[in-house]
Amino acid sequence: MGSARTSAPAQEPSCLYPDEAELARVVLGPKRAKAWGGLAAVLERSGLPKVDPMMGGRYWPAVREFLDRYHHTGDHASTRQQSRREEGVHASGARVARARS
1 MGSARTSAPA
11 QEPSCLYPDE
21 AELARVVLGP
31 KRAKAWGGLA
41 AVLERSGLPK
51 VDPMMGGRYW
61 PAVREFLDRY
71 HHTGDHASTR
81 QQSRREEGVH
91 ASGARVARAR
101 S
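Start counting the sequence shown at 1; every next residue gets the next number (UniProt numbering).
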């Protein structure tokens, strides 16, 4: 009997402050988890929450929110499109001529 392949539900860490190894597996998956150290260092420059020294990990809800913002998904997608329209920028990135008042 063959097994039907289904997509796995989004994985969540075991706690609010997972260690870097667990966070790497949740964010990148087990095959790419080793790349997390260098990737996290780069993403911190763009706002990825740093490891909280008291808690020993990154606050997961803030990491999730950062990743959603970074990839313009979730609640952040519509606000990005609205702000780009206000700036006079088309979704393709091209500037849009504005009518003079």
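Some clues are possibly wrong.
Beta-carbon label-pair distances, calculated as ranges [to be verified]:
1) VAL51 - GLU12: 26 to 34 Å
2) PRO53 - THR73: 26 to 34 Å
3) VAL42 - HIS72: 26 to 34 Å
4) TYR59 - GLY37: 12 to 20 Å
5) LEU39 - THR73: 26 to 34 Å
6) LYS31 - MET54: 18 to 26 Å
7) SER14 - GLY37: 19 to 27 Å
8) TYR70 - GLU12: 28 to 36 Å
As a list, the in silico DMTMM-like pairs of lysine to aspartate or glutamate whose alpha-carbon atoms are at most 20 Å apart [said to hold, decoys possible]:
9) LYS50 - GLU20
10) LYS50 - GLU65
11) LYS31 - GLU65
12) LYS31 - ASP52
13) LYS34 - GLU44
14) LYS31 - GLU20
15) LYS31 - ASP19
16) LYS34 - ASP19
17) LYS50 - GLU22
18) LYS31 - GLU12
19) LYS50 - GLU12
20) LYS34 - GLU20
21) LYS34 - GLU22
22) LYS34 - GLU12
I should point out that these hints are in silico values taken from the structure, not numbers from a laboratory. Yeah, the Cβ is synthetic: ideal placement off N, Cα and C, and Gly gets one too.
What are the numbers of the hints that this structure violates, sorted from low to high?
1, 3, 5, 6, 8, 11, 12
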